[in-house]
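Can you build the whole structure from these sequences, using the hints too?
Number of protein chains: 2
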Amino acid sequence: MSDLLTVAKLAGVSRATAARAFSDPQLLRPDTLEKVLAASAQLGFRPNHIARQLRTQHSTTFGVLLPSLLNPVFSLQLQAMERRARDAGYGLLVATSDYQPEREAAIVEHMLRQRVAGLVLTVADADNSAVLPTLEEAALPFVLAHNVPQQASWPAVCVDNRAAMREATQQLLTLGHRQIAMVAGPMLQSDRARLRYQGYCDALQQAATPPLPVIEMASHTAACFDRLAPLLQGATPLTAVICTNDLLAISLMGDAARAGVAVPQQLSIMGFDGIDIGTRLAPSLASVAQPAGELGHHAIEMLLHPVSRGLRVLPHQLRNGASIAAPAFIATPGNPHETA
Amino acid sequence: MSDLLTVAKLAGVSRATAARAFSDPQLLRPDTLEKVLAASAQLGFRPNHIARQLRTQHSTTFGVLLPSLLNPVFSLQLQAMERRARDAGYGLLVATSDYQPEREAAIVEHMLRQRVAGLVLTVADADNSAVLPTLEEAALPFVLAHNVPQQASWPAVCVDNRAAMREATQQLLTLGHRQIAMVAGPMLQSDRARLRYQGYCDALQQAATPPLPVIEMASHTAACFDRLAPLLQGATPLTAVICTNDLLAISLMGDAARAGVAVPQQLSIMGFDGIDIGTRLAPSLASVAQPAGELGHHAIEMLLHPVSRGLRVLPHQLRNGASIAAPAFIATPGNPHETA
DNA sequence: TTGTACGCGTTATCAT
DNA sequence: ATGATAACGCGTACAA
Numbered sequence: 001m002s003d004l005l006t007v008a009k010l011a012g013v014s015r016a017t018a019a020r021a022f023s024d025p026q027l028l029r030p031d032t033l034e035k036v037l038a039a040s041a042q043l044g045f046r047p048n049h050i051a052r053q054l055r056t057q058h059s060t061t062f063g064v065l066l067p068s069l070l071n072p073v074f075s076l077q078l079q080a081m082e083r084r085a086r087d088a089g090y091g092l093l094v095a096t097s098d099y100q101p102e103r104e105a106a107i108v109e110h111m112l113r114q115r116v117a118g119l120v121l122t123v124a125d126a127d128n129s130a131v132l133p134t135l136e137e138a139a140l141p142f143v144l145a146h147n148v149p150q151q152a153s154w155p156a157v158c159v160d161n162r163a164a165m166r167e168a169t170q171q172l173l174t175l176g177h178r179q180i181a182m183v184a185g186p187m188l189q190s191d192r193a194r195l196r197y198q199g200y201c202d203a204l205q206q207a208a209t210p211p212l213p214v215i216e217m218a219s220h221t222a223a224c225f226d227r228l229a230p231l232l233q234g235a236t237p238l239t240a241v242i243c244t245n246d247l248l249a250i251s252l253m254g255d256a257a258r259a260g261v262a263v264p265q266q267l268s269i270m271g272f273d274g275i276d277i278g279t280r281l282a283p284s285l286a287s288v289a290q291p292a293g294e295l296g297h298h299a300i301e302m303l304l305h306p307v308s309r310g311l312r313v314l315p316h317q318l319r320n321g322a323s324i325a326a327p328a329f330i331a332t333p334g335n336p337h338e339t340a
Numbered sequence: 001m002s003d004l005l006t007v008a009k010l011a012g013v014s015r016a017t018a019a020r021a022f023s024d025p026q027l028l029r030p031d032t033l034e035k036v037l038a039a040s041a042q043l044g045f046r047p048n049h050i051a052r053q054l055r056t057q058h059s060t061t062f063g064v065l066l067p068s069l070l071n072p073v074f075s076l077q078l079q080a081m082e083r084r085a086r087d088a089g090y091g092l093l094v095a096t097s098d099y100q101p102e103r104e105a106a107i108v109e110h111m112l113r114q115r116v117a118g119l120v121l122t123v124a125d126a127d128n129s130a131v132l133p134t135l136e137e138a139a140l141p142f143v144l145a146h147n148v149p150q151q152a153s154w155p156a157v158c159v160d161n162r163a164a165m166r167e168a169t170q171q172l173l174t175l176g177h178r179q180i181a182m183v184a185g186p187m188l189q190s191d192r193a194r195l196r197y198q199g200y201c202d203a204l205q206q207a208a209t210p211p212l213p214v215i216e217m218a219s220h221t222a223a224c225f226d227r228l229a230p231l232l233q234g235a236t237p238l239t240a241v242i243c244t245n246d247l248l249a250i251s252l253m254g255d256a257a258r259a260g261v262a263v264p265q266q267l268s269i270m271g272f273d274g275i276d277i278g279t280r281l282a283p284s285l286a287s288v289a290q291p292a293g294e295l296g297h298h299a300i301e302m303l304l305h306p307v308s309r310g311l312r313v314l315p316h317q318l319r320n321g322a323s324i325a326a327p328a329f330i331a332t333p334g335n336p337h338e339t340a
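These protein sequence lines map, in sequence, to chains A and B. Residue numbering for the first sequence follows the numbering used here, starting at 1 and increasing by one per position. Residue numbering for the second sequence follows the numbering used here, starting at 1 and increasing by one per position.
There may be inaccurate statements among the hints.
Unchecked claim - Cβ-to-Cβ under 8 Å is the rule here; a few derived chain A residues that face chain B: (1) Leu43; (2) Gly44; (3) Pro47; (4) Leu69; (5) Ala257; (6) Val261; (7) Gln265.
As the list claims (entries may be wrong) - Label-pair restraints from in silico Cβ distances: (8) A:Asp31 / B:Gln57: 32 to 38 Å; (9) B:Thr6 / A:Ala152: 26 to 32 Å; (10) A:Gln206 / B:Val313: 56 to 62 Å; (11) B:Gln57 / A:Asp226: 52 to 58 Å; (12) A:Ala88 / B:Ser308: 47 to 53 Å.
To be verified - What the simulated footprint calls covered on chain B by chain A, stretch by stretch (three residues with Cβ under 8 Å from a Cβ of chain A suffice, anywhere in the stretch; the number is not a length): (13) 51–63; (14) 75–86; (15) 279–285.
Don't read these hints as lab results, they were simulated from the structure. Ideal Cβ positions, reconstructed from N, Cα and C, are used throughout, including at glycine.
Encoded structure:
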């Protein structure tokens, strides 16, 4: 690919003049500008952003480190980030870590060597992550997404996971449920998982109901109903579960139907994230909606405007759905919802 | 951030030696290598990939241009591409076009200026795309994903959309359906939409059944049941629909249930893509599964190994599901599947 | 094995 | 308004 010097020669000007045609066109006389543009068009010249970045010491690429793209929450967020970044003239270098710290470290190292202008990242555990101090040492501007740093005060954009899960659990309690379990994917050591379980416990303790241990699934994207089935039997059967993401909840709804367990009559199922598809199902999925697009938008915004960095907590929203109802077989005074 | 010269000084070697410690370590004596590494660690030095790229004229970043990330087919493909690329030491610059040619052009221009080493892209219509000749002129290696160029012979990896849709339609015909409609998102002018409709027509004509016009929805991610409801009435009601992607199908399943239309008894619904979540639903979604991960893997592979470029057609797979069954109210000789 | 010196394509400074 | 030139950080022929 041709360079500025070649363009300059063809246009009969100096390289500096040719350069100005792209970096500061209004500095040139209209006719010389046109000469340069004609020459560059003829040669198929395109400014080399790599050379520009080396010279100006300023990149127009942001890095993005996400755990996965299989959860629509992340892909929606990514799409929003890409739009916002592109509108500001930035591109996005994207990588996924699958929550593995080694991968997180390798990716961050790659981003640093690429000299990205900033990094939006979601790590397993913000308070025990090796990469955040690394980023700070390297003076690379970054914004945590979803993570909620408790100890350190890293810039972050998130929802109040604890309150969100508390409210969701309260909603189930209000419906009359007392045997409510929380279903989670792997990575219980993640900061969000901890906060959500705390929120779950908050609500139950407030209702003087003992919390149950987390039911941990092997996958983030699909639950295993066999883990749940035994708990639906016995003297105190589970009447409601709340999942830490919607994919788990949706797969449970399907499995329950296949197992002959009626949702919501026999088992109420609630999700977390509020992905779009949940609203399309029958029964529709009750969930805690996170503003994933907004979250992405804000993350990029915080990189673009350094002054705006800090902790930004976005509002979540309880989304009702037909996947939850009052428990059957249990007469709630004034609310007789028994089905059998 | 410090540079090689600083490292060299601290290590007591020349800048070239320091450089070799990173570009070609085995050229150095073990003790000098160690000296350099110690110095660079002390300074927090990281090789500048931008400078390296300018010098070597070789990038380790691939560009990726996708229509959207809201369809799991694309996000799964992207995740697979990222893994494969990273294993080879490459990063991914990701952008989405929403099928808009202007956005496609702007993104390609951006990628060219960034001097990416190659580009994986999905365009609206490969045979009428302005960007592909641009890429060829610029001599940027690229691979089309999903697109099926008919006229030109661009490198591409895809499934046989026409055959896939023909087989899916045939399956519905075999079940006894005669009133089968195809439901599509916007962008009917896309190459894949055309091919899939052709496949649909192929199957119907082979069965001496007149094809119906495409039912076009306003969104790629959710169908509008109101467009369908009228066609379920009358003398020749629709008994089956096949959607051009699973999200449309899933939303139709939910809407049908809410409208009191039994799936599959009154209406069989089939999808296309084979996204994972379809298998979790009740009823499970019958679909034509595309190997999205494999497709992404191959696309990167084709960029990494120029000799392997060309047209690569991946196998699709008919996935059965509980969302389709023999039509009710219609006696198929030897197959009396009536429910009423 | 290590050092010297040039150039990758651009922008910024200074001069004209 | 335009031109000459240095510098961004690095890889690599070539020399030692």
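Going down the list of hints, with the structure as the test:
| no. | hint | verdict |
| --- | --- | --- |
| 1 | Leu43 | violated, 11 Å |
| 2 | Gly44 | holds, 6 Å |
| 3 | Pro47 | holds, 6 Å |
| 4 | Leu69 | holds, 4 Å |
| 5 | Ala257 | holds, 3 Å |
| 6 | Val261 | violated, 11 Å |
| 7 | Gln265 | violated, 14 Å |
| 8 | A:Asp31 / B:Gln57: 32 to 38 Å | holds, 34 Å |
| 9 | B:Thr6 / A:Ala152: 26 to 32 Å | holds, 29 Å |
| 10 | A:Gln206 / B:Val313: 56 to 62 Å | holds, 59 Å |
| 11 | B:Gln57 / A:Asp226: 52 to 58 Å | holds, 56 Å |
| 12 | A:Ala88 / B:Ser308: 47 to 53 Å | violated, 37 Å |
| 13 | 51–63 | holds (count 5) |
| 14 | 75–86 | holds (count 7) |
| 15 | 279–285 | holds (count 4) |
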